[in-house]
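Could you put together the complete structure from these sequences and hints?
Residue numbers (the working numbering), protein chains in the order written: chain A, 251 to 637; chain F, 1096 to 1431; chain L, 3 to 349.
It should be emphasised that the hints constitute simulated quantities derived from the structure, not laboratory data. Keep in mind that this is a model prediction, so the values were computed, not measured. Warning: the hint list may mix true and false statements.
To be verified - Derived, one-sided and incomplete: chain F residues facing chain A with beta-carbon distance under 8 Å:
| hint | residue |
| --- | --- |
| 1 | Met1230 |
| 2 | Gly1245 |
| 3 | Ile1274 |
| 4 | Ala1406 |
Cβ atoms here follow ideal geometry from the backbone N, Cα and C, with glycine treated the same way.
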Amino acid sequence: MLTINACGEISKSAMGVAGKMNKRKDHLNRVLFLLLDNIAWLLVGVSVVVFSLLSDRFLRSYTLINIIPKVVPIGILVIGQSFAMLTKHFDLSSESVLGLVAFSAALLIASPELGGWGTMLPGWMVIVLMLGAGVLIGMLNGFMITKLKLNNLVYTIAILITLRGICYLISPSSSASSLGEGFGWLGGGSLFTITVDGKPVRVPVSLLFFFLIFAAAHVIARYTRFGRNIYAVGADRAAAEAAGIRSERIIIAVYTISGFCAALAAWMLAGRMDSAAMKTGENWIFSIQAAAIIGGISLKGGRGNMIGAMGGVILWGVLNTGLGIAQASPWIIDAILGGLLLLAVLLDAVKNRYFVRKTLKEQLSQSQVGLSDNYLNVNRSLAQGAK
Amino acid sequence: MNRKRLDYRTFVLDRLIWFIIILVFVFFSIFAHQFLSTTNMINLLLHTSVLGLLVLGQATCLLSGNFDLSAEGTVTLLTVLAAWLMGSATAGAGANSFDSGSGWGLNPVLVIFIIMFLGAGIGWLNGQMIARLRMNNFIVTLAMQLTLRGLALTLCLGRNIASIPEVFRYLGTGKVGPIPVQVIVTLLFVAVFYYYYKVSSFGRALYATGGNPRASYASGFNPGKTVIKAYMISGFLAAIAGWMLLGGVGESGPELGVGLTLETVAAAVIGGIALSGGRGTILGAFAGVLLLSVVGNGLNVMDMHPNAVRAVRGLIILMALIIEAQKVRYKPKLVR
Amino acid sequence: MIGKTTLWFYAVLSFSIIVLVSGCNKKGDEKKVFTVGALHPEMNAFHAAIKNSVDKRAEEKGWKIINFTAGVSAEKQLDQMENLIALGVDVILVCPVDAKSIGSGVKKARDAGIPVYGVDRSTVGTPLNMTVQADNEMGGRQAAEGAVAFLKEKYGEPKGLVLELQGDMASNVAQLRSKGFNEYMGKHPNVKVISKPTEWKAERFLKGTQDVLGTQPVDAIFSHTDVIGTTPILSALDQLGKKIKVGQKGHIWYGAIDGSPTGLKAVREGWQDASYSQPCTDCGIVLDFVEKETVKGETIETGPFVKEGALWSPARIFKADNGLMMLLATTVVTKDNVDDKRLWGNQ
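Next comes the structure, spelled out in structure tokens:
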């Protein structure tokens, strides 16, 4: 099969073979692709401008500071999902992992009057349990998918249903709240208070945490050996295996990261809401997928980066808050998200076709085989779409 | 001697789902009080009808190697649209009533044709995006589902429209003797599709496309057209399922149809449709629905808490998935 | 490494955003109108009636109102609460999706100096300034009384099997309805109650009724809502061949809370025995208390609250652990008074 460079950049030597005309065209293409690859940030810019025109309330410090804290839990799930997608796998179960972990943590902490089980464990102990549970669930998912060779899409959907079912099963039919200052500090606490126009505005801890965790994810994906292996497995698993990478291990690790991220997001969300219910996180898959794909994480695996994914999350946050402030109907927000997702998938498909064609051309120009070679012809007809 | 044993094993493996259904059925007949009563048996068939139609569409798409997650969005949008088109603005009582539609009061028969047409149209759109623009089928249909539900909510503003004409409701509430019309219609559809995919050239194209698109292209089928047609069938069946569901429940709302997609995928997988495409039968997919319904109804009759039923169903899907995957790995060993 | 071109791209992008945004960042005229923000959980006939009533009162007072609907998601409602704070409203009315999860949002509004009032549903654990809601426990009790009276007439003593189709038990009103109903039923040990949660979903009303009535000899059905519940329940009875008019042999008693147009229609046509009408068109009265407390700075007295000619009168105001609470009485609607013009389902 054809492999594509992790960063999506085409090697210079191949361009040298092509003529002068092609060079100019390539330059144009590169600019175009720069825009396409960073479409999330471009859209963030456009929407910020549009919303400031629509409402004079958008450019207030309170509004701006609270855009990102609203999407921190989704953002952390997007990190987990992006790692999985880079290896050409999906983890659709993360919203249920988040729900189950957050809800059982709330049940363990809250007092019986406020819906808890009455164990009233201290916050730090519950946090350790949560993260441990997330890692275990993720690891289990990875093992099942690699060792039993299950289809990852349907397996994670089944886990999604099962865990949500367990969530409903353990519930005393109502939510649990009042989880304590210490537990909620990361998700709902504030770093310091600034005064704007005589009104105090709190700066949430989660704002800082958001950037920290995306930076960490970026470093792992880009600058470590493990990160490079993830890209290699996603781009071409067989080739990676041939190069001595143990792909099963990478995939298990990726699912473990996703489980850990789900538990972390659960902690953030429960802290922010100071409560959790059996429905916590229901129907979030769409937002998570949308943010990751708009952020340029390719569905074909092996392409995309965490900075782009962060752009996708921030875009979702800006749209969410901006449309709310502009008093658009919440259902329009859903429809816009759906439309954006479609656009992102279309862009992904266009990019993929371009790269396949490009690489084919390079192979043709370099190969000794005649142009009428059967194998290449079949490949090309597939690449152009069987019409 | 050896050959005989091999035949017996493949026979059981191919029909595993039916053996499981019989086992579960016997279990509930013994342990669930009144499970075998006539009314409950009819109830059981009622539960299979809407899901049964949807799974036909889902199975068709899966056979061609693609997911269709948009069907539940289609159901939601089309039920809301149908109720809205047929509603008279002054149904219910007075100015405060939100129990109203467009005020056009369109003829139910016309409305049925409109929603069937739109259902197929949505399928066509899905197919175009997937076959022509080569977009990822899973995400495209997921986004489609979201968009359609957003449209449905915008259209009905969350209202429940309950003024559905009797003519329209006949499919959902009518009866022939003791057997509901919707059960008969569903069984008819299953039989027709089973037969159609066995004998027609479209059926062969479907299996070929799902099995190996390259080979199917080489042997003269058109994979793109086949995929588009599969999605159109799925959308069309979703429209009929919506018609049936709206007739049965009697009021439209933004919640109608939500959560059906995962069940159809699960049922199809349990019934032996391979997710990679090209393997499995329509009858098997329907058996998957039957199993889910028997378990759901049985546990409900045993007066188990609905929340527990949810968890148990998830576990059953998980088990079926594992068994299916192991079956695929086990079979080549047998043949060897 | 991030390429040079990419860095240039980000630099140009952020620069142009700053230029464009600072160009349009002129503060608009400070608004003088008193603004109310209202958070609704969903928008069915019932909640629409509440919204209309609040809208009407606000218009009478010359106030501006901003409505948000959460689509039954507690997380979305919290986001919307923050949006209202960002919009700088003067007071927030809330009908919580989840009685406990809304607590952190209420605290945030308090921090920003915005008072919060409850309409139709209240909170658990976090006090509000005041809540105006229908007496849901009373509705549940009235339904239990109706069902027991029917069973007494049928068997000569209160015994039999009753199906209770509950709403979403995360909302405090469903809990109260269930509490009122089951407390009264608890006094009659021979009456067995089967409870099925439905999460306010039509399909689950249909399936729940089908599955239970298909296998067990149920004598009476109590539904937590007739906005959503009535049509699917009657549809299920029809399919089971048990849809028989009130007063005829084999009739299954059916009562439901809300008193929506759908419910009143069913009562009028003789399919439903009773509807327990909530005074949701009068929930807008909360704005009178907002005016009194927040605008004029007076205190609200506790005790009975009487208004001549209103169906919900006498209401009572008392201090509960989640703030001041005003409970409006529910009305039993049977065939005798179904055409009363004061019922919200008839307006």
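Each hint tested on the structure:
1. Met1230: Given a least distance of 4 Å, the restraint on F/Met1230 holds.
2. Gly1245: holds (3 Å)
3. Ile1274: violated (31 Å)
4. Ala1406: With a closest approach of 3 Å, the F/Ala1406 hint holds.
Taken one by one, the earlier hints fail for this structure only at number 3.
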